[in-house]
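Undergrad: These protein sequences, in sequence, are chains H and P. The letter at position 124 of the first sequence is residue 223 when you use the working numbering, and the numbering goes up by one with no holes. The letter at position 86 of the second sequence is residue 185 when you use the working numbering, and the numbering goes up by one with no holes.
Careful, some of the hints might be misleading.
[Stated by the list, open to error] Pair ranges (Cβ atoms, derived):
(1) Arg136/P with Ser276/H: 28 to 36 Å
(2) Leu264/H with Pro119/P: 50 to 58 Å
(3) Asp285/H with Ile218/P: 49 to 57 Å
(4) Thr247/H with Asn154/P: 44 to 52 Å
(5) Ser245/P with Ala272/H: 49 to 57 Å
(6) Ser276/H with Val297/P: 27 to 35 Å
(7) Pro119/H with Ser106/P: 33 to 41 Å
(8) Asp285/H with Gly278/P: 51 to 59 Å
(9) Ser276/P with Thr167/H: 16 to 24 Å
[Said to hold, decoys possible] Derived pair list, reagent style EDC-like, types lysine to aspartate or glutamate, alpha-carbon separation capped at 16 Å:
(10) Lys190/P with Asp191/H
(11) Lys260/H with Asp216/H
(12) Lys117/H with Asp191/P
(13) Lys238/P with Asp179/P
(14) Lys153/H with Glu146/P
(15) Lys260/P with Glu282/P
(16) Lys124/H with Asp191/P
(17) Lys124/P with Asp191/H
(18) Lys153/P with Glu138/H
(19) Lys153/P with Glu109/H
(20) Lys117/P with Glu138/H
Note that these hints are calculated values from the structure, not bench results. Heads up, the beta-carbon is just placed ideally off N, CA and C, and yes, glycines get one too.
Protein chains: 2
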Amino acid sequence: MQSFNSSLLENAVEQLSKLPGIGRKTALRLALHLLRRDEEEAVALGEAVIALRKNICYCSRCHNISETEVCPICSDPRRDSHVVCVVENVKDVITIESTHQHSGLYHVLGGLISPLDGISPADLEIESLVKRVTDDNLKEVILALSPTIEGDTTNFYIYRKLADLPVEVTMLARGISIGNELEYTDELTLGKSIQNRVLFSSTFPKR
Amino acid sequence: MQSFNSSLLENAVEQLSKLPGIGRKTALRLALHLLRRDEEEAVALGEAVIALRKNICYCSRCHNISETEVCPICSDPRRDSHVVCVVENVKDVITIESTHQHSGLYHVLGGLISPLDGISPADLEIESLVKRVTDDNLKEVILALSPTIEGDTTNFYIYRKLADLPVEVTMLARGISIGNELEYTDELTLGKSIQNRVLFSSTFPKR
Numbered sequence: 100m101q102s103f104n105s106s107l108l109e110n111a112v113e114q115l116s117k118l119p120g121i122g123r124k125t126a127l128r129l130a131l132h133l134l135r136r137d138e139e140e141a142v143a144l145g146e147a148v149i150a151l152r153k154n155i156c157y158c159s160r161c162h163n164i165s166e167t168e169v170c171p172i173c174s175d176p177r178r179d180s181h182v183v184c185v186v187e188n189v190k191d192v193i194t195i196e197s198t199h200q201h202s203g204l205y206h207v208l209g210g211l212i213s214p215l216d217g218i219s220p221a222d223l224e225i226e227s228l229v230k231r232v233t234d235d236n237l238k239e240v241i242l243a244l245s246p247t248i249e250g251d252t253t254n255f256y257i258y259r260k261l262a263d264l265p266v267e268v269t270m271l272a273r274g275i276s277i278g279n280e281l282e283y284t285d286e287l288t289l290g291k292s293i294q295n296r297v298l299f300s301s302t303f304p305k306r
Numbered sequence: 100m101q102s103f104n105s106s107l108l109e110n111a112v113e114q115l116s117k118l119p120g121i122g123r124k125t126a127l128r129l130a131l132h133l134l135r136r137d138e139e140e141a142v143a144l145g146e147a148v149i150a151l152r153k154n155i156c157y158c159s160r161c162h163n164i165s166e167t168e169v170c171p172i173c174s175d176p177r178r179d180s181h182v183v184c185v186v187e188n189v190k191d192v193i194t195i196e197s198t199h200q201h202s203g204l205y206h207v208l209g210g211l212i213s214p215l216d217g218i219s220p221a222d223l224e225i226e227s228l229v230k231r232v233t234d235d236n237l238k239e240v241i242l243a244l245s246p247t248i249e250g251d252t253t254n255f256y257i258y259r260k261l262a263d264l265p266v267e268v269t270m271l272a273r274g275i276s277i278g279n280e281l282e283y284t285d286e287l288t289l290g291k292s293i294q295n296r297v298l299f300s301s302t303f304p305k306r
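Isolated chain H (complex conformation) (with noise of 0.2 Å):
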């Protein structure tokens, strides 16, 4: 362990070092980068942390990250309320929305099932979703979970749970990556888009 000479910077790398992915060399670096700049870049950083901490909180409805009680995307208007894409995490809701092509509202379940890590589904916004589908009479869901057996396990119980409801239930293709060789692609997966081809004129743009 090396010692710094300084209980502030020894601090700063402490807290920084406890980042994921962050060990204590990078932290040092890090912390001696913020030393050179100017004061107020590293207040803004120090300022920013802790505001995000303290004054997020959750959508109500969607359980997305919000500065209001209900988010930005559950209460735009011009957005379909029947339609709502399943996502794992906050993040993916950032990652669906930079496609541009859901026009629809979204459910955080926050992780997926997996017995193993010990999270089953009282521990996800499983209820909640269920209760959705009624209140807010929706017409679709789209399960738009990760293709692993955690996702696909809790893609299937979610199913199950929705059954008896008068929702349509749809989960995103699986087919082979834009931009990949064929030849790299794995068995299970050209499997996959062998089996839901589709109609190559169905590509084309509607007019």
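Chain P: place on chain H using the hints.
TA: Same frame as chain H, but now just chain P:
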């Protein structure tokens, strides 16, 4: 550019991504990590960063970072105040301290002479070093700069500046790195290590 639907998150990501080696994707991951942790942790990080930049100053003698006017190393009576190790920056002090082989003081230059980057001797703490040699009656100045063009230029400049003063100017030994295969050592370093070979018996611990 992804939209985050939250100015707090946007601001935190922007501030975090100003740190070296941290892009917007990593910054988002760090911010979302902070949101998942206890509030105290985020506040501790923010406050540590602010306190670091606001309260740290530079030692008036050696220019190392310090929380007091003279740093703990310079004011430690057990250290040899007649031997000063010249280093490029604050990090090098920490690195050399971790070897426990230097019991004297330091002098932090704040960089190396580099005409290409527009860094001239006047930008560095060289005049203050020359003054210190006389004022503090130094016996030895150890040049501990990186073995690069810039380091060697700075070494030579300092050596010339101190040539007429009654002080011994030494530099770190250059040779093969411990643990490295001889096969992969570059010729220049290997050549130096032959020129500067030492008596094998001198490596035995002294009684």
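Undergrad: Take the hints in turn and mark each one as holding or not.
TA: These are the hints, each one checked on the structure:
{"no.": "1", "hint": "Arg136/P with Ser276/H: 28 to 36 Å", "result": "holds, 33 Å"}
{"no.": "2", "hint": "Leu264/H with Pro119/P: 50 to 58 Å", "result": "holds, 51 Å"}
{"no.": "3", "hint": "Asp285/H with Ile218/P: 49 to 57 Å", "result": "holds, 52 Å"}
{"no.": "4", "hint": "Thr247/H with Asn154/P: 44 to 52 Å", "result": "holds, 47 Å"}
{"no.": "5", "hint": "Ser245/P with Ala272/H: 49 to 57 Å", "result": "holds, 54 Å"}
{"no.": "6", "hint": "Ser276/H with Val297/P: 27 to 35 Å", "result": "violated, 60 Å"}
{"no.": "7", "hint": "Pro119/H with Ser106/P: 33 to 41 Å", "result": "violated, 24 Å"}
{"no.": "8", "hint": "Asp285/H with Gly278/P: 51 to 59 Å", "result": "violated, 41 Å"}
{"no.": "9", "hint": "Ser276/P with Thr167/H: 16 to 24 Å", "result": "violated, 58 Å"}
{"no.": "10", "hint": "Lys190/P with Asp191/H", "result": "violated, 39 Å"}
{"no.": "11", "hint": "Lys260/H with Asp216/H", "result": "violated, 22 Å"}
{"no.": "12", "hint": "Lys117/H with Asp191/P", "result": "violated, 24 Å"}
{"no.": "13", "hint": "Lys238/P with Asp179/P", "result": "holds, 10 Å"}
{"no.": "14", "hint": "Lys153/H with Glu146/P", "result": "holds, 13 Å"}
{"no.": "15", "hint": "Lys260/P with Glu282/P", "result": "violated, 39 Å"}
{"no.": "16", "hint": "Lys124/H with Asp191/P", "result": "holds, 13 Å"}
{"no.": "17", "hint": "Lys124/P with Asp191/H", "result": "holds, 13 Å"}
{"no.": "18", "hint": "Lys153/P with Glu138/H", "result": "holds, 7 Å"}
{"no.": "19", "hint": "Lys153/P with Glu109/H", "result": "holds, 15 Å"}
{"no.": "20", "hint": "Lys117/P with Glu138/H", "result": "holds, 14 Å"}
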